[in-house]
Amino acid sequence: MTTRRGIYLLGVVVLCAWVLVPIWLIAANALGGQALIAAWPKPLVPTQMSLDTLRVFLAIEGVGRALWISFEVAVLCMVFSVALGLPAGYALARYSFRGANVFRVMILLTRAFPVGILALPLTVGFIRLGLYDTALGVALMHTALALPFAVLVSASLFQAIPRELEEAAWVFGCTRLSAAWRVVLPLAAPGVVATAIFAFVISWNEVFAASVLSARNRTLTAYLLAVLADSPLTYQFAGGLLLIVPSVGFIFLVRRHLFAMWGIASR
Amino acid sequence: MAGIVIDGISKAFGNTVALAALDLAVADREFVALLGPSGCGKTTLLRIIAGLETATTGRVLIGGRDVTNLPPRARGLAMVFQNYAVFPHLRVCDNIAFGLKMARAERTRIDRQVARTAELLQLAPYLDRYPAQLSGGQRQRVAVARALAVEPALLLMDEPLSNLDALLRLDMRAELKDVLREAGTTTIYVTHDQTEAMALADRIAVLHGGRIEQIGSPSAIYHSPATRFVGSFVGSPPMNFLRADAGRLMGIRPEDIDLVDAGAGLPFRVSVVEPLGAQTLLTGTTDGQVVRVALPGEHVIAAGATLFLRPRPDRIRWMDAATGNALAQAAG
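Chains A and B are the protein sequences, given in the same order.
Numbering-wise (my numbering), the first sequence opens with residue 1 and increments by one.
Numbering-wise (my numbering), the second sequence opens with residue 1 and increments by one.
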């Protein structure tokens, strides 16, 4: 038992380190000033913590605007993913229709298709449609990336809600729509919020499509990639930290509900 | 309050026939139990009446109105589900009020009905709780209260007691009978438990293979089974069927067999003795056929003993061995 426990603890430590060390490095380099970046080994807690770098970074021309665009795109992506993903997930969970399984696999396959190959035709298409370099255009692309998760997570959410509850609602006076609104949605609400936030995070973190599909109206990730490539390291770290913090925070908030994605019942 | 007419309802799932052109009439304020083994079509029939399943052919009339093509909400009925289906995100009072709220009933009526049904089902102290904070029996009561609160023309119950443990089931059964008698609602009750059907129903419809084998009072079903299936499904232990002359079967209930003096009756070799307190159950063979005998009270009988049996002539039910149907009851 003790060796098994030891291996288990070791696994926990390795996994934690896997996630935490890079975050710590970025945070330390962003907050610790120029001297710390060069220093090695780095002190566990930086001696001179300061928000100066972050403050200077935020004052850089365009960062505030890119931050706002990132937010705009992520919110749009979140709305689209939920609006399209919930009905699709409901259909998968409640109805058996021809090609349901194929549909499931196809949804996942969209993620297997490399965005790189799509980049040029998409750009051309977006220019024609007038979507190029707009928040809406990038949000649509991000929705395509986030939608598979939204569909599959909400399908397993709805599957976990007993059909009898819906039938009871129908018997006691609900239409199909009002039963979904009054009974299914309240029960699925925590999971739906998790799905929405996950879509937000996917969009927030995405850099490739955002870089390809925009020129002047860039999201923060695309902007950092383009503008900060030649900036001093400390500012690059500050940008990285600014990107990580919201996604880590959000994922932390919804961590339990993301298990639904693997079909593990969560409460 | 309303009578129900099931007119030639059939249901096929692909090539499987679940219900075969079934007719059934339930009178106003009557309690009818649909009794049968799993897969006999009883739940399918109930769901067709509720509008949760569509029939392949036939009509359902509630209070003279054809509801065949109406959605569940427009049929004026209420239902108690096997797993209760109490809404977990609503408090007990909101669960009970759900149907009335959906029907946009007046506030005063909702309050009155919630108070009345909560009183009836002893839920008054729990009105502000959520279902997760209740026991299984209490949740069951909430489901019944929710159904009665809408004062339905017809109450459908789908094995409502099957998820309760044995003791609680007995309590709830008596309680349910009392509550439903008071409410006087026409009720269709699905169960696979014959004692439940016998205890609750005015009439029992025994279903088998998508057909009604027999419909009648509990006493008629028990004492005069129309088919061999009914005799062997209703009653515990089931009716004995012994091969007799001319392709006939003699059906006799285990408790309708008397012990007689040696040589006066059928020789019976006892293989198992089960003293149950109120009766003693004997299993053995007569003429190579297995027979079960239920004797009132306690008897000291050793396994391996040979006894002599005589079925009470007025309780014998003759059956056609080939078809399994009861024959015209001539004297045996």
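Fair warning: there could be bad hints in the mix.
Said to hold, decoys possible - Below 25 Å or equal to it, Euclidean Cα-Cα: the simulated SDA-like pairs (lysine to any residue) are:
(1) B:Lys101 x A:Val12
(2) B:Lys101 x A:Ile107
(3) B:Lys101 x A:Ser178
(4) B:Lys177 x B:Glu30
(5) B:Lys101 x A:Arg182
Said to hold, decoys possible - These stretches of chain B come out as covered by chain A in the derived footprint (C-beta under 8 Å, 3 or more residues):
(6) 61-73
(7) 171-180
Unchecked claim - Negatives, chain A to chain B, calculated, CB over 12 Å:
(8) Met106
(9) Ile161
(10) Trp170
(11) Ser178
Read the hints as simulated data drawn from the structure, not as lab findings.
The beta-carbon is built from N, C-alpha and C at its ideal position, and this holds for glycine as well.
Hints, one by one, checked against the model:
For the hint linking Lys101 of chain B to Val12 of chain A, the alpha-carbon distance of about 51 Å lies beyond 25 Å, and the restraint is violated. Taken as a hint, the Lys101 of chain B and Ile107 of chain A pair is broken in the structure, with Cα atoms around 40 Å apart against an allowance of 25 Å. Only pairs whose Cα atoms come within 25 Å are accepted, and Lys101 of chain B paired with Ser178 of chain A is accepted, the gap being roughly 13 Å. Between the alpha carbons of Lys177 of chain B and Glu30 of chain B the distance comes to roughly 12 Å, so the proposed pair stays at or under 25 Å and holds.
A hinted pair counts as satisfied when its Cα atoms are at most 25 Å apart, and Lys101 of chain B with Arg182 of chain A qualifies at roughly 12 Å. Counting residues of the region 61-73 of chain B whose C-beta lies closer than 8 Å to any C-beta of chain A gives 3; at least three are required, and the coverage claim holds. For a cut-off of 8 Å, the count of residues in the region 171-180 of chain B with a CB near a CB of chain A stands at 0, and the three-residue condition is violated. No beta-carbon of chain B comes within 12 Å of the beta-carbon of Met106 of chain A; the shortest separation is about 27 Å.
Here Ile161 of chain A does not stay apart from chain B, with its beta-carbon only about 9 Å from theirs, under the 12 Å limit. Not every CB of chain B lies more than 12 Å from the CB of Trp170 of chain A, the least distance being 4 Å, so the non-interface label is violated. Distance check on Ser178 of chain A: its Cβ comes as close as 8 Å (rounded) to a Cβ of chain B, failing to clear the 12 Å threshold; non-interface status is violated.
Hints 1, 2, 7, 9, 10, 11, counting from the list given before, are not met by this structure.
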